[in-house]
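Number of protein chains: 2
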Amino acid sequence: MNGLGVVCVVGAGQIGTSIGMALKGSATAMADELLLWDVDQGRRARGLVRGGADRSLLDPEEVLAADVIVLAIPVSEVVGWLRTWGGQVSPDTLVVDTGSAKQAVVAAMRSHLGPGVHGIGGHPLCGNEGRGPEAGDPAMLKGAVFVLTPLADDPPTLERALALVGALGSQPVVLDAGRHDEILAVSSHLPHLVAAALVELVPEGGAERELWRRLLGPGFRSATRLAASDPEMVASFLAANSGPLRHALGEFEHGLREFEAEVTSPSSLASRLERAANRRADLVGDC
Amino acid sequence: MNGLGVVCVVGAGQIGTSIGMALKGSATAMADELLLWDVDQGRRARGLVRGGADRSLLDPEEVLAADVIVLAIPVSEVVGWLRTWGGQVSPDTLVVDTGSAKQAVVAAMRSHLGPGVHGIGGHPLCGNEGRGPEAGDPAMLKGAVFVLTPLADDPPTLERALALVGALGSQPVVLDAGRHDEILAVSSHLPHLVAAALVELVPEGGAERELWRRLLGPGFRSATRLAASDPEMVASFLAANSGPLRHALGEFEHGLREFEAEVTSPSSLASRLERAANRRADLVGDC
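Protein sequence lines correspond, in order, to chains P and V. Per this note's numbering, the very first residue in the first sequence carries number 5; after that it's consecutive. Per this note's numbering, the very first residue in the second sequence carries number 5; after that it's consecutive.
No lab work stands behind these hints, which were simulated from the structure alone. Ideal Cβ placement from N, Cα and C applies to all residues, glycine included. There may be inaccurate statements among the hints.
Stated by the list, open to error - Across the chosen pairs, the derived CB separations fall in these ranges:
| id | chain 1 | residue 1 | chain 2 | residue 2 | range |
| --- | --- | --- | --- | --- | --- |
| 1 | P | D44 | V | G147 | 35 to 43 Å |
| 2 | V | H258 | P | D96 | 22 to 30 Å |
| 3 | V | P207 | P | K28 | 48 to 56 Å |
What the hints assert, rightly or not - For the chain V half of the interface with chain P, some residues (derived, Cβ under 10 Å), not all of them:
| id | residue |
| --- | --- |
| 4 | V43 |
| 5 | Q92 |
| 6 | D96 |
| 7 | V149 |
| 8 | L155 |
| 9 | A227 |
Chain P with its partners taken away, still in its complex shape (with noise of 0.2 Å):
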């Protein structure tokens, strides 16, 4: 074994695509065979096509026989999966998948993967709005930051897994399930719902359609852009992050209630501005 092993991606989507690209194109080739498996044959070839992968599987039953199993699908079927395969993994298998609620994926495996099996919950934190197997592109893997978040203490499957998030050239933060997903809710799945909140406040159609296309500027198109997601891979992360996705909610509604009894005072208005705006700038810079 390779360091390793045979590596099988189940989901030939914008992230297992990426990694299956990056695996392939790694100069150190960690991994000794890469399989693809997606339910959907159309992708899967696509996939094959894209380069992610040296061979696509023809079963599911298939994906059993590899060392290492990335589940790069929408998390609750990343759930699904766990149940309807996770005890029939042979001990030893690295088990990770790259979904963005890590909560609901670290129960299912604790509770479906059999003893000896190596589970632990990944989320890349890269992608963006394209999708399918056209949008894969291993650069945005690389610095990346892979969230790995363990079941238990428990050293050796951190340390293949640290390896596989190695050889994608991306950089491993180890965190608690729970404490990801309370600030994925805030980083990531209320901006999602805020951004589809913003898109549905412009009328459809109508005679003024193309005045408002008009005046629809570059802030409304960054502020709107996660709305351009995959509604499916969106569903399913938003609906396993329920809890703490409604306390940010609340949260934010009382921060804009704050914000609206401020609005007819500027110079107040400003200098909380002025906060948020030193505040992101201390966080994700000035871009």
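Got chain P; can you put chain V on it based on the hints?
Frame of chain P; chain V shown alone:
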């Protein structure tokens, strides 16, 4: 008089400087002379260096000698300028502003400009989170929509304003001030508030600051980009457009509550997110 005559830009911020640079760089040399005034002496000097004018003025009264006065200052300062100087503007002078809220400006023009003065509201839909003359760039006006909100049915004023917009390389859209403000409340003003409220959800400082920094990805960055804008400018147009902004905020909160109710039904949530994604693509394209 060569087209526009003597043009004076009031305000050496990003937009005022961009307008000056665009007029100076215009192949048709529409302005006989280009003057610059800014109440901040340092910014005035930097605007001149940046190339936004032929000369800067030493006294605010000298602005009144221009044939065209472009008020490129925050909305509250536009209203203040009109209150102070409006009665002394010579007949036939074109007075236009660049603020993001137009009802307040149009009302102040009606109240303070003397008879025969050609006042009209203006709003170029460009600019970004850059600030000051150094962030000025005439390219941002090229092809940008420049809304004009007339005070009355007044073809001579409109014709001169259209000549100015044409000299900047921008695309004019003539619109009622109230309608402009209703649309901008949704397309720009609410998104500014929302971006700041999202930033405020990130805990300030503390032991976890580094963790948050690592977990804030490109989605959070684009969703909050508007929060990096000039706070005084933003506070000024939010306050000037508080009525339509509050209305938009009410509708937005209603939409959020509907989303919240659906958050545990992934399939209806996915349908709703898909409609939003399609509507956004129809409005602003794929980017």
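Report the numbers of all earlier hints that the structure fails to satisfy, in ascending order.
-> 2, 3, 4, 5, 6 and 8
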